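As they're listed, the protein sequences go chains A and B.
Under this note's numbering, the first residue of the first sequence is numbered 1, with each subsequent residue one higher.
Under this note's numbering, the first residue of the second sequence is numbered 1, with each subsequent residue one higher.
To be clear, the hints were calculated from the coordinates, so they are not data collected in a lab.
Everything numeric in this text was worked out from a predicted model, so none of it was measured.
One or more of the hints may lead you astray.
[Unchecked claim] Mimicking BS3-like on lysine-lysine, the simulated pairs with C-alpha atoms at most 27 Å apart in a straight line are:
#1 B:K73 x B:K12
#2 A:K202 x A:K77
#3 B:K143 x B:K218
#4 B:K218 x A:K345
#5 A:K345 x B:K146
#6 A:K259 x B:K218
#7 B:K98 x B:K73
#8 A:K174 x A:K119
#9 B:K98 x B:K16
#10 A:K256 x B:K218
[Claimed, not checked] Per label pair, the in silico range of CB-to-CB distance:
#11 A:S125 x B:S165: 20 to 30 Å
#12 B:G266 x A:E171: 36 to 46 Å
#13 A:E391 x B:G136: 37 to 47 Å
#14 B:K286 x A:M166: 53 to 63 Å
#15 B:A162 x A:E171: 35 to 45 Å
#16 A:K357 x B:K16: 53 to 63 Å
#17 A:E222 x B:K93: 50 to 60 Å
The C-beta atom is built at its ideal place from N, Cα and C for all residues, glycine as well.
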Amino acid sequence: MNNKPFIKRALVIGGGIAGIQAVLDIADGGYEVILVERSPSIGGHMIQYAEVFPTLDCPQCIMTPKMVEIAQHPNIKLMTYAEVQKLNGSAGNFEVEILQKARKVDVKKCTGCGTCWQKCPEKVSSEFNAGMAKRTAVYIPFPQAVPAKPVIDTEHCRYIHYQQYMAGKREGKKPPECRICEKLCPVGAIDWEQHDEIVKEKVGAIVVATGFDLMPVSRIPEYADDPDVLNGIQFERLLSPGGPTAGVVIRPSDGKTPKEVVFISCCGSRDPEHGVPYCSRVCCMYLAKQALLYKHAVPDGQAYVFYIDIRSTGKGYEEFIQRVVEDGVLYLRGKVSRVFREGDKLRVYGADTLSGKRVEIAADLVVLGMAVMPSDGTKELLIKLGIAFDEAGFVAESHAKFRPLETNVPGIFVAGMAQGAKDIPDSVAQGSGAAGRVLTLFAQSASADKALAVV
Amino acid sequence: MDLAYYPGCTLKTRAKNFETSALAAMSALGINLVELPRWNCCGTVYSLAEDDLIHHVAAVRNLIRVKEQGKNKVVTLCAFCYNTLKRANLVMKDSPDKRYAINIFMDEEPDYYGEVETAHLLQVLRDDVGWEKIAGRVKHPLKDLKIVGYYGCTLLRPQSVAIDSVERPTILQDLLKALGGTAVDFPFATECCGAFQIVNNRDIITERTAAILGSAAKSGAEALAVSCPLCEYNLRQTQSSTKQPQSGVPVMPALYFTQLMALAFGLDLAVCGFEENSPETRAWLKNKGLIS
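Next up, chain A with everything else stripped away, as it sits in the complex (with noise of 0.2 Å):
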């Protein structure tokens, strides 16, 4: 306990849906707020999609918006590429460090004009794209990226690799010394002494919005490894109008139209043996959109999708997934014990539990709806933070029914997928509702003591 004053600003960690909505509640609720990301830009998962279920919409329509509002609202601080590495105190006095990784570019002078990351000459693999298509070495992950300016990816990059070489640092042949980025950059924005800092902030409150990420398919054998065996996010990309396909859809093996896609539901999920005992809740609503989109994209092709059973729980999403029926996706409830490549085809080996049948298909693209896991690094996050986490590593609220926003440490809150599978609409609200509650807390507390007691 301590008189000193409660600090009325908050800080949200993660950029993604429901952290963007929670700094804009606070930010619009008239406090002042820091939104930490991990990533160059925010939009987390959500902007990688390509139409969000049950009602089509494009993320990058509804959601750009939101965030070119977080970079110019007076209220929010916005920190992209940057991680917490240490929290001190208690409600209404933490005391935070965050590591600001090096951009190496002078984001004051750059103007996001785009000839650096035009002019690189180092491809790497896509995060944003899932690995399905090439960035360069300097990049903004993806155009509509918040902020619009640049980072220098030190590990990809030749001329950080020449320094390294030079200091003695790396072994080989030895790098090109290239610094076209900087040689070519029209306002002299790249800044090679940049460094990794440490930045201190005080805060009066928390939110946790880390998110997910998904099962590696490594983790399920008998689903081949193969350039046509996709994850959920991969085939959104090759979904997406601002993909690396531009919307068609393709088989990434050869370029060919995929005639017959099979869908796997539960990869992962509901499966204690080999995965995770949870639902993951998101999967069968959005490889039945995928299944539609397809359908939209390859009329004449086939859609299968293998399911246990059809969670389609929100607002909506039963008649969704009757519309899906109704255009001709074929359900087959069952389990697929095998994925394996056979000439130009995929081979999936399946059961029709409903008709008692094995099923094969000859499939051009297998799409698996992978598990949702708490994002990497959660855990070790929230041990920075002293959050309790459960079993599967989600943060575990402080009682599921009444107190399901609130963490242990009083004054962090948590929102979105950090907290377990869900939806956008539920991540939404949940963004929602943890700053309700940073701002209940904001308005009832004169002093931490005070605070404490309402919290």
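Take the given structure of chain A and dock chain B to it, following the hints.
Positioned in the frame of chain A, the structure of chain B alone reads:
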């Protein structure tokens, strides 16, 4: 080094070449496989009926023989024996009620608590000998031989007794690579060959083995390396009974991995007993310059 060795019935009858090649190859690696005294049938198939404890008695008796020798590990060659011994041992280790009933029933034997580890020879090669040592012993590398490892079921299922990844095993391929061969991956490596259906429903075997051989041929393989005498028998039988060109079943030798070891180690070919493999085997080996 001496290792307790449980042969099982098939290795003394229909798969003698598996045993002779294994004993010779292991001795070339400095390991003596010492046959257990007074061994009996393993029970052949592990009984899945919860109360069918009498079925495990044969397997447990063999494990008691191992213990009597002052050993805590026994090696098998036959994949079926491996499976039954290993699973019966898990019962004795993990199910106190069943263990009690079986021990009481065998009152002429000392009580047994699952102390003996059952290992398949492939595990010994991987874990105790190591691929490097095996590669070092190779005199005639099996180069230019494209061979698939065919595992069948009982080395990998159920998961609790699997000698390798259940879905993506590599242990046979790793051995083939150590022997200087080209290990070809093929999707049917863990498909069932039809097993005992050979007795009453040959059609199933024909369908299964045709699929396995077809897939191996499509993957570019010329031969299969096997570790189960029943798989070998089924693959051989199908090929000789459907040899008509129109059947579409590719002709492909199925060799025990120990025969390939003996070949690569340059041992006396008499230990390989190739005359017991399919008739095409010798011709293929000759064609490849491995035998004269």
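Going through the hints against the structure:
Between B:K73 and B:K12 the CA atoms are separated by roughly 21 Å; this keeps the pair inside 27 Å, and the hint holds. Straight-line distance between C-alpha atoms of A:K202 and A:K77 comes to about 13 Å, which keeps the hinted pair within the 27 Å bound. Restraint check for B:K143 and B:K218: satisfied, since their Cα atoms lie roughly 20 Å apart, inside the 27 Å limit. This hinted pair checks out: B:K218 and A:K345 have alpha carbons roughly 13 Å apart, not beyond 27 Å.
Pair hint A:K345 plus B:K146 holds up; C-alpha atoms about 23 Å apart against a cutoff of 27 Å. Distance restraint check for A:K259 and B:K218: the Cα-Cα separation of roughly 23 Å lies within the 27 Å cut-off, and the hinted pair is therefore satisfied. Between B:K98 and B:K73, the direct Cα distance comes to roughly 22 Å. Compliance with the 27 Å bound is thereby established for this hinted pair. With a C-alpha separation of about 21 Å, the suggested pairing of A:K174 with A:K119 holds against the 27 Å cut-off.
As the CA atoms of B:K98 and B:K16 are separated by approximately 35 Å, the hinted pair breaks the 27 Å bound. With a C-alpha separation of about 23 Å, the suggested pairing of A:K256 with B:K218 holds against the 27 Å cut-off. Restraint check, A:S125 to B:S165: a C-beta distance of roughly 26 Å satisfies the suggested window 20 to 30 Å. Under the hint 36 to 46 Å, the C-beta atoms of B:G266 and A:E171, about 40 Å apart, fit the expected range.
In this structure the hint that A:E391 and B:G136 lie 37 to 47 Å apart at CB holds, the actual value being about 46 Å. For the pair B:K286 and A:M166, the supplied restraint of 53 to 63 Å holds, since their beta-carbon distance comes to about 60 Å. The beta-carbon spacing between B:A162 and A:E171, approximately 39 Å, falls within the hinted interval of 35 to 45 Å. Checked against the hint of 53 to 63 Å, the pair A:K357 and B:K16 fails, with Cβ atoms roughly 43 Å apart.
The supplied range of 50 to 60 Å is broken by A:E222 and B:K93, whose beta-carbon atoms lie about 28 Å from each other.
Violated hints for the displayed structure, listed by number in ascending order: 9, 16, 17.
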